[in-house]
Structure formats: C-alpha cells, structure tokens
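Colleague: Letter by letter, the sequence shown follows residues 1 to 470 in full-length UniProt numbering.
Calculated from the structure, these hints are not laboratory results. In this text the structure is predicted, and so the values were computed from the model without any measurement. Do not take every clue at face value.
Said to hold, decoys possible - Here are the computed lysine-lysine pairs in the PhoX-like style, where the Cα-Cα straight-line distance is at most 25 Å:
1) K93 x K52
2) K27 x K12
3) K352 x K377
4) K312 x K388
5) K93 x K221
6) K352 x K161
7) K239 x K27
8) K93 x K352
9) K74 x K5
10) K161 x K115
11) K221 x K5
12) K51 x K12
13) K368 x K324
14) K312 x K392
15) K89 x K27
16) K392 x K221
17) K324 x K312
18) K74 x K93
19) K93 x K27
20) K377 x K392
21) K27 x K52
22) K312 x K247
23) K377 x K312
24) K352 x K324
25) K247 x K51
26) K221 x K368
27) K247 x K352
Said to hold, decoys possible - Just the calculated beta-carbon pair ranges, DEER-fashion:
28) T191 x A44: 42 to 52 Å
29) T9 x A382: 21 to 31 Å
30) E336 x E23: 44 to 54 Å
31) E224 x H385: 49 to 59 Å
32) N171 x N45: 47 to 57 Å
33) Q397 x P287: 17 to 27 Å
34) K324 x I286: 50 to 60 Å
35) H385 x I286: 17 to 27 Å
36) L401 x K352: 29 to 39 Å
37) L269 x R321: 27 to 37 Å
38) I370 x E288: 16 to 26 Å
39) K27 x R139: 17 to 27 Å
40) E224 x N45: 52 to 62 Å
Yeah, the Cβ is synthetic: ideal placement off N, Cα and C, and Gly gets one too.
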Amino acid sequence: MSDLKATVTETKTSSGHAGFHVEGYEKIEYDFTFIDGVFNIENANLANLYKKWARCLAVADINIYNIYGEQMKKYFDHHGIKLVIHKTKIGEKAKTIPTLLSIVEAMTEFGIIRKEPVLVIGGGLITDVAGFACAAYRRSTNFIRIPTTVIGLIDASVSIKVAVNYGNYKNRLGAYHAPIHTLLDFTFLRTLPIAQVRNGFAELMKISICSHLSTFELLDKYCEHLIELKFGRADGSSKELIQAADKINFEGIHEMLRLETPNLHEIGLDRVIAYGHTWSPLHELIPETPFRHGHAISIDMAYSATLANSRKLITDEEHHRILKLFSRAGLSMDHETFTEDILEQATAAILKTRDGLLRAAVPSPIGKCIFLNDVSKEEMNAALHRHKQIVKEYPRQGAGLDAFVDASDTGECPAGEAEHDHVVVKNPLNSNGVKDINGSNGVNGKKKDSITHIECTSKLTQPPTTKVMA
1 MSDLKATVTE
11 TKTSSGHAGF
21 HVEGYEKIEY
31 DFTFIDGVFN
41 IENANLANLY
51 KKWARCLAVA
61 DINIYNIYGE
71 QMKKYFDHHG
81 IKLVIHKTKI
91 GEKAKTIPTL
101 LSIVEAMTEF
111 GIIRKEPVLV
121 IGGGLITDVA
131 GFACAAYRRS
141 TNFIRIPTTV
151 IGLIDASVSI
161 KVAVNYGNYK
171 NRLGAYHAPI
181 HTLLDFTFLR
191 TLPIAQVRNG
201 FAELMKISIC
211 SHLSTFELLD
221 KYCEHLIELK
231 FGRADGSSKE
241 LIQAADKINF
251 EGIHEMLRLE
261 TPNLHEIGLD
271 RVIAYGHTWS
281 PLHELIPETP
291 FRHGHAISID
301 MAYSATLANS
311 RKLITDEEHH
321 RILKLFSRAG
331 LSMDHETFTE
341 DILEQATAAI
351 LKTRDGLLRA
361 AVPSPIGKCI
371 FLNDVSKEEM
381 NAALHRHKQI
391 VKEYPRQGAG
401 LDAFVDASDT
411 GECPAGEAEH
421 DHVVVKNPLN
431 SNGVKDINGS
441 NGVNGKKKDS
451 ITHIECTSKL
461 TQPPTTKVMA
C-alpha cells in the first residue's frame, strides 16, 4: 500500500529558460506475520488476503509443491478460494530472464487484475525472480511472499530488492518492489535439507557479526543444534533450543529491517548487511559448479575478518572466535579458486556497483561494523595469503560441508518447460473452473501466530501487529 505526495513548482534557469521542478514522496508500507502452519486450515491469515478475489495465482518452487501440494489444496478448498499454481525449478544459474518470462506467461494466462496479488512460495531465489516479474508486469503488480528456506526467511524476506542474473553478473537486472505481505512460517524448515539450513545459517552470522552481538552469542552457544535440529523445528528439539531459535530469528529479522528500512532504495551505499558481499559474487556464478550463496559469503566474511584483524580492528581472540564458528557450522572459509586474480576481478566489479568506493563492511569489534575504502591491492593480497595459512589450522582446512550447488540447483526452466496445475475447486465461488491448489494441516500441528509492526523508525512492537513503513 502506498501513499503518494508530490509538488510541482515552476522554475527558471539563470539564462531565462522556463521549466518545472518535481518533488515527490511515496510512503511504502508492508506487513510481516510470524505464523507456524500457514497452511493449517484453522489459520485464516493467508485465506483472508485472498477473500476479496476468491482466487489466487501461486508461483511455487517445484520441490515445495511436491511436499506441500496436498496441504495447499485442502487449505484453499476449505476456504473456497480458486487457485492456479505455476511450478518452477530454480537455482542460481536459472535465475534468468527465461525463468522470469515463464512467470509472466503464467500471469498473462491467469488474467491477473492490476491490484490482485500473486502468491510467491519458495526460497530467496524464487522470491527474487517472481518479485521482479511482478515489478515488471504492468510496471507494478502486487505480490505476497511465503519464504520457505532459512535464507528466504531471514534475508530475502526483509529486502524489497528483486532481480535476475545477467550472464556472470549477479542480480544485474532488477528493481525495488515491496510485497504487500510476507508470511514467516519457520515450520517449513522441518523438510529443508540440512545443507540448506547450513547455507542460511551464514546469513545470521552476517547480521550478528557486524550488528547484533547478542544474536552472535546465541549462534555461538547453540550452533550445531540449530543446524542439526533445523532451528528447533525438527523432532527432538528441546524447549530451550526452540526458544533460542525463535529469539534468533525474531531479532535477526528485526535487526535487518532496522538497518534496511531507512535505505530501501539503497540511496546510501554503506550497508552493514553487505558484510560478506564484497568479493563473494564471483564465487556463485563463475565456477562451473558454483558455491551455494551461504558458503560464498562465508568465504568473504571469514577473509574480511582476517583483513579486520590485520588492521587490529578485531582482536586475535575475536578473530579466532569468528573463524571457529564458521568451522563449527560447516561453512566455507576458503577454497582453491579464491586467488589473487579472483580477488582483483571481484574488487573491480564491486567498485562499479558501489559507485567507485570499496565500502567493504568488516567487524570492529564483533557486533559492530566499519567500512573500508582504502585497502590497497597489496594489502588485500597479503591478507589473502595470511588467511589461507590461518584456516589450515581449522578442521577441513577451511573447506565447508555441502558447499556447492547440486544438479537440481543448476537446472534451468525455460518458458516452454514451465509447469502448471489446474484443479477445479468444488465450491460455488469457483464456477469459472480455474485451477486449485489448496492446503491443509501445516507442517506440525502446533499453532503459533504473531504479527509485528515495524516502522521506518525501526520501532518494533510486541506481537501481535507487523508493518513496515518507509
């Protein structure tokens, strides 16, 4: 929902030429709801968002559909909402224009109405691509997000940036387009592979190392259990772990929002949450088998910590503590492809993205951040060689577990191969014979529903009520 304000004034140049000056302001607001079991029939939050339309176009990750499709069908059928689902397989190398166009085709076939929201279900990659499709379609089509991975829940859900890759350039084509609502259901993590839980753990390390010490302390305390028991969503999780995980997730998202909402359109380029994103993009796109995102940024974060330590911005003890936590989490800290040449290429690329300055976010100390612009090539290379020697002392010599994407991650889904499901809903409201994908019991029978309200001032009220306004 937006509130538009603008003024137009007449102007005249010093040479006497007439003109106009336009000054506008657009208030952006959108909501976040923490809810366990979004497809539980008794949870009407999602259904209420579509009651007005009595139908829903969903863009879903094919793996999510295969696991939760029947639950979705029962859910929407129960609430009398027609559903069309566009299934897509996506990985970093399928985060492309053809994938975007397959979603556009689905929107056209569905006959989406101007303000009708598309439902996007999946990890950060699919919310990025489908969000960009919505941004481009009629120049602005609403959408609602249900992220299903740790990265999607913690990181991608917070940003209003949507994008696709172009060649070997990550997120080169994109826009700023806020969803009208994001439903945060951490019970999806029960069916998320451990490798992807570990992958997302890196995003929490990113925000905690540079901006939130108390979250770092919790990650350090519960590291292995958080990953193995999927942030307290797997069977056998203790009450203590569940409470710690919920606090980590809530505080992590809140901190990300606090940092991002004043700068939604990246007017300011010194961004704390860019820690780990200075040299990492090349690791994801250039190798034939790319690193998973969490491992790529972990290499960057670990190296940045070594650079900070070389400058005495963090102590030796803090440096070891950071690297040890990466190692315990099974995240990558180095790889043979991380060379002086790659470092130079990545630096050249990021200087263009960041308007000529390095703006490398590094911890100083843990829980706080500064930005480095004066790092010479010689200093970078010296830090790289020192880093490679240091990580040899850690398990696996700095290598990560499940660090690279697998075959399913790299498969492309051209427009002609996109899949659709059409299921007629047995409900008087659905007399047009539009598809249906409806869902039932959520992921675990536990009902947990809280909403938070976040404004541009970063004020967070206690549940229930969440809104972001900028």
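Colleague: Taking the earlier hints as the rules, which of them does this structure contradict?
Modeller: 1, 2, 5, 7, 9, 11, 12, 15, 18, 19, 22, 24, 25, 27, 28, 29, 31, 32, 34, 38, 40
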